[in-house]
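J.: Based on the hints, put chain B in the right spot on chain A.
These protein sequence lines are chains A and B, in that order. With the first letter of the first sequence counted as 1, position 212 gets the number 212 in the working numbering; the numbers rise by one all the way through. Here the working numbering = 1-based position in the second sequence + 274.
I should point out that these hints are in silico values taken from the structure, not numbers from a laboratory.
Here are some of the chain B residues that sit facing chain A, going by a computed Cβ distance under 8 Å:
#1 Glu-326
#2 Ile-327
#3 Met-347
#4 Ile-350
#5 Ser-354
#6 Thr-355
#7 Gly-357
Just so you have them, the derived chain B footprint on chain A, three or more residues with Cβ under 8 Å:
#8 18-25
#9 120-134
Derived DEER-like restraints, expressed as beta-carbon distance ranges:
#10 A:Glu-17 / B:Arg-489: 46 to 52 Å
#11 A:Ile-245 / B:Arg-319: 55 to 61 Å
#12 A:Arg-25 / B:His-372: 22 to 28 Å
Given the structure is predicted, the values throughout are model-derived calculations rather than measurements. Just so you know, even glycine gets a beta-carbon here, dropped at the ideal spot from N, CA and C.
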Amino acid sequence: MEQRAMALDQFSLGSGEDFPALLRRKGLLGQPTAIVDLARGGGSSAMTQTESTTILAFKFSGGVLVAGDRRATSGHTVVYDRADKVLEIDRHSLMAIAGVPATAWEMARVLEHSFQYFRRTQLQEMSVDGKVRALSKLLRDNLGFVMQGVGVVVPIFATYDGNSHPEARLYFYDAMGAQFEAADYAATGSGSPAVRGILYYENNWGAKPLKDLNEDEAVSIALRALNTAAETDTATGGIDRTAKIFPVIKTVSRDGITTLPNDKIDKVYNESVA
Amino acid sequence: MIEEPYRWVEAIANRREYVETQLSSGSPIAALSFRDGILFLTLGRNRQKIFEIYDRIAMGAIGHPGDIERLRMAAIELASTEGFTRSAADVSLRRLAHYSLSPVMKNAFEQVYGAPFLARLVFGEIGPTPDEDLFLRVEYDGAIATNGSGGAPVRQHFAVLSATTASNELMETFLRDSYKIDMELREAVRAALDAWSVGHLGGTRSNGEKQLPDRDAIAKHRDEQLATAGIEAAVLERNASSAIRYRALTDEEARSLLA
Numbered sequence: 001m002e003q004r005a006m007a008l009d010q011f012s013l014g015s016g017e018d019f020p021a022l023l024r025r026k027g028l029l030g031q032p033t034a035i036v037d038l039a040r041g042g043g044s045s046a047m048t049q050t051e052s053t054t055i056l057a058f059k060f061s062g063g064v065l066v067a068g069d070r071r072a073t074s075g076h077t078v079v080y081d082r083a084d085k086v087l088e089i090d091r092h093s094l095m096a097i098a099g100v101p102a103t104a105w106e107m108a109r110v111l112e113h114s115f116q117y118f119r120r121t122q123l124q125e126m127s128v129d130g131k132v133r134a135l136s137k138l139l140r141d142n143l144g145f146v147m148q149g150v151g152v153v154v155p156i157f158a159t160y161d162g163n164s165h166p167e168a169r170l171y172f173y174d175a176m177g178a179q180f181e182a183a184d185y186a187a188t189g190s191g192s193p194a195v196r197g198i199l200y201y202e203n204n205w206g207a208k209p210l211k212d213l214n215e216d217e218a219v220s221i222a223l224r225a226l227n228t229a230a231e232t233d234t235a236t237g238g239i240d241r242t243a244k245i246f247p248v249i250k251t252v253s254r255d256g257i258t259t260l261p262n263d264k265i266d267k268v269y270n271e272s273v274a
Numbered sequence: 275m276i277e278e279p280y281r282w283v284e285a286i287a288n289r290r291e292y293v294e295t296q297l298s299s300g301s302p303i304a305a306l307s308f309r310d311g312i313l314f315l316t317l318g319r320n321r322q323k324i325f326e327i328y329d330r331i332a333m334g335a336i337g338h339p340g341d342i343e344r345l346r347m348a349a350i351e352l353a354s355t356e357g358f359t360r361s362a363a364d365v366s367l368r369r370l371a372h373y374s375l376s377p378v379m380k381n382a383f384e385q386v387y388g389a390p391f392l393a394r395l396v397f398g399e400i401g402p403t404p405d406e407d408l409f410l411r412v413e414y415d416g417a418i419a420t421n422g423s424g425g426a427p428v429r430q431h432f433a434v435l436s437a438t439t440a441s442n443e444l445m446e447t448f449l450r451d452s453y454k455i456d457m458e459l460r461e462a463v464r465a466a467l468d469a470w471s472v473g474h475l476g477g478t479r480s481n482g483e484k485q486l487p488d489r490d491a492i493a494k495h496r497d498e499q500l501a502t503a504g505i506e507a508a509v510l511e512r513n514a515s516s517a518i519r520y521r522a523l524t525d526e527e528a529r530s531l532l533a
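So here's chain A without its partners, still in its complex pose:
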């Protein structure tokens, strides 16, 4: 009983801490991983790690579109062909992940709870800058694992900023936690070089710039880009229509997140990709 009362007393001082700090205080989340000295044989270099997947995102007329393939690999083995790498964090935020699933999903979970915890305790929504920074901090805390050759995560974060100048916002990160705001598009994962080429080309010399595309046109380009990535990258799953495995495509707009149903993707695929 005494211990309970003491535990409660801490709450009065705890109101300023963020959710990861609360989890650490309760022993529910690991401490930031230590960075091992590579010179003494700490593990493989971060440079040799692959983020085996393809994730892409770009702004279109209806907000931001985020798409990811479904393949999860381990070395040369396909482990799972229905992985969902585009995760909903809150009503207006998506995080798409390339990298080690265990770390990435844990990060997404911490992030999701962080935003809600902030809103509930502080009685206001966390700002977009605050959310972007929160993910950056989680990546930075994970750096030790990255340097040891396990746990690299390179995410994309898409959200809709409902402030006085409402607009869709798109960010990409490196494995150390640096954040970059993307003007038009972002891509990450092993298949991303091909995708980046396509998106650059479409944005500059396509029928119209990405930001002016309607939803069907945007979905079409996303599918073509993912198919192109799957052509040369073994870690990227293509579209398997016999098994009804389609990429995950979600959009973020003023009204929130929409997940595109499979038949819609199938229809667009039929009309403009196949």
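T.: Same frame as chain A, now just chain B:
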């Protein structure tokens, strides 16, 4: 000397009187089930009294802001860590109140050398149907009252929180008569406002008042208060597509439902 049992009982009685006096000016809160959710409603002029605790749980509180804040943070922390380590479905209002808040509040109240919590709390947890909605009131001494469970034949679809026990009882009597199951939000807002009016009238009168005021007096007091105070209301939505069910109603939104 406080170690003598008699002195301790006396000290607790004094303390109860002190806490009751401190809490006697709070604006009442009415919480009730309607078809599409649970409505929390109060009238106020300055600070927020209805809060989101977790996906399906909301809280209303009267008392000292500092104490309310500590209890609110405790509830959010417990629910959030539980929801993170297990799942949102494992966060239960019953456990939160019975195993965490109540023992701490009772302990603070009975440790006569320390400060008690100057706060009364009312919680609501949304269920799939109004019959499965849970309401729960936690008093400053850790006592818990629920809307009926454990095989109780009559289950109330509402809960009230008021400054005094007498006005609490008046509000409950009023709602027992006027509450209808499967109300629309519009009707629920009206019922909650009238219940608030009953509670507020009961709180401002002398403590001996046990009679329910008549309909006209309730309506008159309600309209007088509406002219100068704001409506603070929140809804836990029953069939929301998102996991998060809490939605605050603005004063304008609540007033537009009265038109």
